[in-house]
Amino acid sequence: MQSARFFALRANLLANFIKLGAGVISKLGKDKNPKEVSADEWKSVMTPLEYNITREAGTERAFTGKYDKHFEKGEYNCFCCGAKLFKSDTKYWSGCGWPAFSKSIDNDLNIVRIKDNSFGMERIEVRCKQVNRFQ
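For the sequence shown, the positions run -23 to -1, 1 to 112 when mature numbering (1 follows the signal peptide of the UniProt record, and there is no 0) is used.
These are calculated hints, taken from the structure and not from any lab test. Since the model is a prediction, treat every value here as computed from it, not as a measurement. Be aware that a few hints might be false.
Result set (PhoX-like, lysine-lysine): computed pairs, CA atoms no more than 20 Å apart in a straight line [what the hints assert, rightly or not]:
#	residue 1	residue 2
1	K80	K92
2	K64	K43
3	K64	K50
4	K61	K9
5	K12	K61
6	K20	K9
7	K61	K80
8	K46	K64
9	K106	K61
10	K80	K46
11	K20	K46
12	K64	K106
13	K4	K20
14	K9	K80
15	K50	K80
16	K80	K106
17	K12	K106
18	K61	K50
19	K4	K61
20	K92	K106
So the derived label-pair ranges between C-beta atoms look like this [claimed, not checked]:
#	residue 1	residue 2	range
21	E13	G72	35 to 45 Å
22	F96	S21	18 to 28 Å
23	M98	G6	32 to 42 Å
24	D93	T24	20 to 30 Å
All C-beta atoms in this analysis are idealised placements derived from N, C-alpha and C, irrespective of residue type, glycine included.
The task is simple: from the sequences and hints, build the whole structure.
Take a look at the structure:
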């Protein structure tokens, strides 16, 4: 199993994940390619907080997010495009203050990992491959 830091997410899952949904891109049109959506289009279907977190890698303080201690059964999908990212049975309490998962759906089919060694720590940022944005 990967370390807790590997899938620990540093952003507010309220703004980043939906459960079993199509993502906010569905508000822009049925067959919209997420990689071709402009900043103005994303802003038109998101709140300022949602845009900051999903499109600008914004974050919140540890232990303050709605989904840090949320363990309801289901799937966690990309807020932007609806791509399947994690299942609830792989979510665990890591103690880091943000949701953590032991593995992604389909061996990272929809996940991009970016190393972050800032603040003297080894961390991995998780992004959706479809929109290449922070999740």
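Hints violated by the structure (numbers, ascending): 11, 14 and 22
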